[in-house]
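Trainee: The primary structure of each chain is shown beneath.
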Amino acid sequence: MNKHVIPQAEEPPEQNNQQNNQLENIRDFEIQDYLRLDLFPHFMCPGCGHGIALRALLWAIHDQGIDKNNLAIISGIGCSGRVGTYIDANTYHTTHGRPLAFATGLKMARPDLHVVVITGDGDCLAIGGNHLIHAARRNLDITCIMLNNEIYGMTGGQVSPTTPHDRFTTTTPAGNIEPVFDASRLAEAAGAGFVGREVTIHVPRLRDLISEGLDYKGFSFIEVMSDCTEINGRKNDLGSSSEMVLGQTRTMRPSEYDNNVVDHPFRPNSMNTGVFVKSNRPEYGASYRDMVDDIQEKQKGHSV
Amino acid sequence: MTGQTSQNTLDSQDTINIQGNHACALGAVAAGCRFYAGYPITPSSEVAERLAKELPKVGGVFIQMEDEIASIAATLGASMGGVKSMTATSGPGFSLKQENLGYGMGAQIPCVVVNVMRGGPSTGMPTRPSQGDLMQARWGTHGDHPVIALTPGSVEEIYTQTARAFALSEQLRIPVLVLFDESLGHLVETIALPDVAEYENTVRKWASGKPEDYKPYRPDADGVAPMARPGDGYRVHTTGLTVSESGFPTQKSIEVDRAMKRLFNKMEINKDLIESFEDVDCEDAEVVIVALGIVGRAARMAVRELRAEGHKVGLFRPITLWPFPTQTFRKLTKKAKSFVVAEMNSGQMILEIGAAKQGKQTVCGLNRYDGDPISPSQIINAVKEVLDHE
Ligand SMILES: Cc1ncc(C[n+]2csc(CCOP(=O)(O)OP(=O)(O)O)c2C)c(N)n1
Ligand code: SF4
Ligand SMILES: [Mg+2]
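As you go down the protein sequences, you meet chains C and U in turn. Following my numbering, the numbering of the first sequence begins with 1 at its first residue and continues without gaps. Following my numbering, the numbering of the second sequence begins with 305 at its first residue and continues without gaps.
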């Protein structure tokens with residue numbers, strides 16, 4: 001299965017202008033401004049993709065000019081869930097699978113806050129799957145970042161709803177025989193107003209995708225393909241962390257390459273990256289407040 | 305919040321015919337509840353239905369979530385935003401809420417959780433009354449934890465105790481449970497809505513002072529730490545993990561011990577505030593009936609009749625079931641030779657009475673779990689049987 005062969009990364013087309021802007025921008029982003037440095041050293045294993053995703057998220061928050069006093073980070077349980085703790089904002093580490101439900105309450109009660117959910121593939125698709133589809137259906141203004149490492153990292157490497165076929169995990173000792181969820185398509189089908197997927201090897205792209213999601217008024221679902229180097233990587237001989245991250249270019253492809261790529265070894269679905277959905281569905285919070293205004297208006301008429 | 309107003313939906317002077325579940329909804333709004341999340345379930349659905357109507361009128365949020373777990377999670381989320389919040393449920397829904405209830409207790413997040421009790425186990429009897437969840441209310445969520453559970457015994461008391469639940473919850477940073485059974489939830493009574501302005505005016509302590517000096521779990525003298533709202537500049541961390549005063553996780557035994565003591569100390573310090581009960585002729589009573597909720601009403605009638613016949617009988621009715629008012633119970637029942645614990649379950653509160661009694665009194669259970677309430681005559685018979693043995 002050529003597990004150790006690292007193919008050439010495909011060059012993304014005409015990115016030079018964009019890259020220049022990124023260099024401009026990188027200068028005024030200081031990650032320390034957004035971190036609780038007194039909690040360091042952090043818990044993540046060397047090379048863990050979650051840390052790369054954290055950087056991209058903070059950079060996007062910076063680019064969006066979001067005041068961290070008005071930023072609420074809500075996470076579930078898992079390695080993904082613990083990432084939020086390091087952010088110098090209003091952070092809520094909730095219960096396994098439920099961050100979207102907590103976020104729904106907080107955002108409805110406090111529409112003035114920027115509400116960002118950080119969740120994992122197990123947190124969001126297994127135990128929390130019901131909350132995902134309903135959050136997507138309502139289209140409340142929440143940005144949901146799902147760190148998809150295709151494994152239950154925190155509990156030591158059990159199979160997850162996105163673990164590819166044949167992968168070894170501690171609970172699939174003979175290889176995984178369950179089919180996987182395509183999380184982005186699930187979110188799209190459930191009605192998410194904004195859906196996109198990106199890999200951690202392309203940090204500026206990931207930052208821009210998250211930034212667009214933060215800017216979007218409605219439910220934005222962002223799937224980040226993130227490497228669990230220590231547990232998933234070792235168990236499946238996927239190479240060192242740098243080999244794993246480079247390997248992303250083999251199994252993932254930007255959507256612009258759609259019709260021009262051979263099939264890949266692990267995933268039954270074609271895994272694209274990029275923005276998949278950006279719709280102008282009504283945002284739930286705004287609809288709710290309009291309804292309240294109507295009711296209060298009618299009530300006034302009543303009491304006169 | 306969308307355009308908050310403090311305007312109430314009903315004038316407190318009005319006398320109205322109202323169902324227990326609706327009284328619960330109105331008591332919540334009167335106490336300042338501005339967020340409700342729930343999932344339909346008999347026999348509590350009318351609480352949600354009434355709030356779906358009332359909350360938008362006062363600029364509050366009503367949301368029907370995808371299940372009971374999401375409902376309590378959203379309720380806690382809204383409360384973390386600084387808004388008085390509530391969810392209501394019954395039977396299976398109460399089971400589903402347990403994990404997040406523990407989150408609220410551990411992370412010290414105010415909210416009110418109403419359980420309109422129905423027959424169980426499992427789906428049981430959705431439209432029949434029961435008091436089968438008394439111990440689940442005490443120990444339903446995992447781990448050691450403090451709990452406050454109020455058990456009103458009339459429609460009017462549902463109104464006031466729901467309002468009071470908000471005040472206790474805000475003041476002590478703890479989820480407060482309100483338990484009543486199906487028969488009270490669906491009972492219609494004519495009541496004058498009592499004034500609950502005192503409860504409406506009770507809000508949690510908010511953090512003040514420099515953010516760098518603020519510790520989200522450093523208690524004041526009352527055992528309760530002020531809370532910080534997102535947006536106020538404190539940028540606090542909230543987690544279900546065991547935390548030090550700073551709000552960040554710890555596993556140091558000394559810190560863990562402190563964290564647990566914080567949870568229990570606030571209950572001990574504020575015991576008098578939390579405690580509530582009704583005492584009917586306990587002082588000289590040789591037989592004391594212990595009953596709560598709808599059974600308390602039957603017991604009151606039983607006491608009246610037995611007294612008329614010359615028997616020294618009294619009633620102790622906890623309104624705050626948890627923490628059980630043990631010291632007060634002991635003081636009030638000094639003369640008692642026996643207790644008759646009447647409850648609509650197979651024997652739950654009786655365990656607490658066994659632990660609370662101080663002398664060698666006998667404790668007899670009168671239990672009914674066939675979906676009908678305990679009648680006054682059943683209680684009278686049970687008391688007479690006890691008297692015969694003395
Ligand atoms: C109700 C409940 N069930 C199980 C767990 C144990 N648990 C903790 S993290 C986790 C899996 C996390 O996997 P994922 O969401 O993919 O996050 P990752 O660690 O991979 O980032 C599980 C099952 C829990 N904390 N709570
Ligand atoms: S176990 Fe995996 S997901 Fe968790 S920190 Fe380590 S590498 Fe990252
Ligand atoms: Mg995972």
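These aren't lab readings, by the way, just hints derived from the structure by calculation. Beta carbons: idealized from backbone N, C-alpha and C, even for Gly. Check before you lean on any hint, since a few could be wrong.
Unchecked claim - Some chain U residues flagged as far from chain C (calculated, every beta-carbon gap over 12 Å): (1) Thr319; (2) Gly428; (3) Thr542; (4) Lys575; (5) Arg601.
Claimed, not checked - To spell it out: a stretch of chain C is covered by chain U in this simulated footprint if at least three of its residues, at any positions, have a beta carbon under 8 Å from a beta carbon of chain U; those stretches are: (6) 85-91; (7) 284-295.
Trainee: Run the C-beta distances from Lys575/U to all of chain C and say if the shortest one exceeds 12 Å.
Mentor: holds, 30 Å
Trainee: Verify that the Cβ of Thr319/U lies farther than 12 Å from every Cβ atom of chain C, and report whether the claim holds or is violated.
Mentor: holds, 21 Å
Trainee: Is the Cβ of Arg601/U farther than 12 Å from every Cβ of chain C?
Mentor: holds, 36 Å
Trainee: Is the nearest CB of chain C more than 12 Å from the CB of Thr542/U?
Mentor: violated, 5 Å
Trainee: Are three or more residues of the segment 85-91 of chain C within 8 Å, CB to CB, of chain U?
Mentor: holds (count 5)
Trainee: Hey, does Gly428/U actually stay past 12 Å from chain C on C-beta?
Mentor: holds, 24 Å
Trainee: With a C-beta cutoff of 8 Å, work out whether three or more residues of the segment 284-295 of chain C approach chain U closely enough for the coverage to hold.
Mentor: holds (count 6)
Hint violations for this structure: number 3 only, all remaining hints satisfied.
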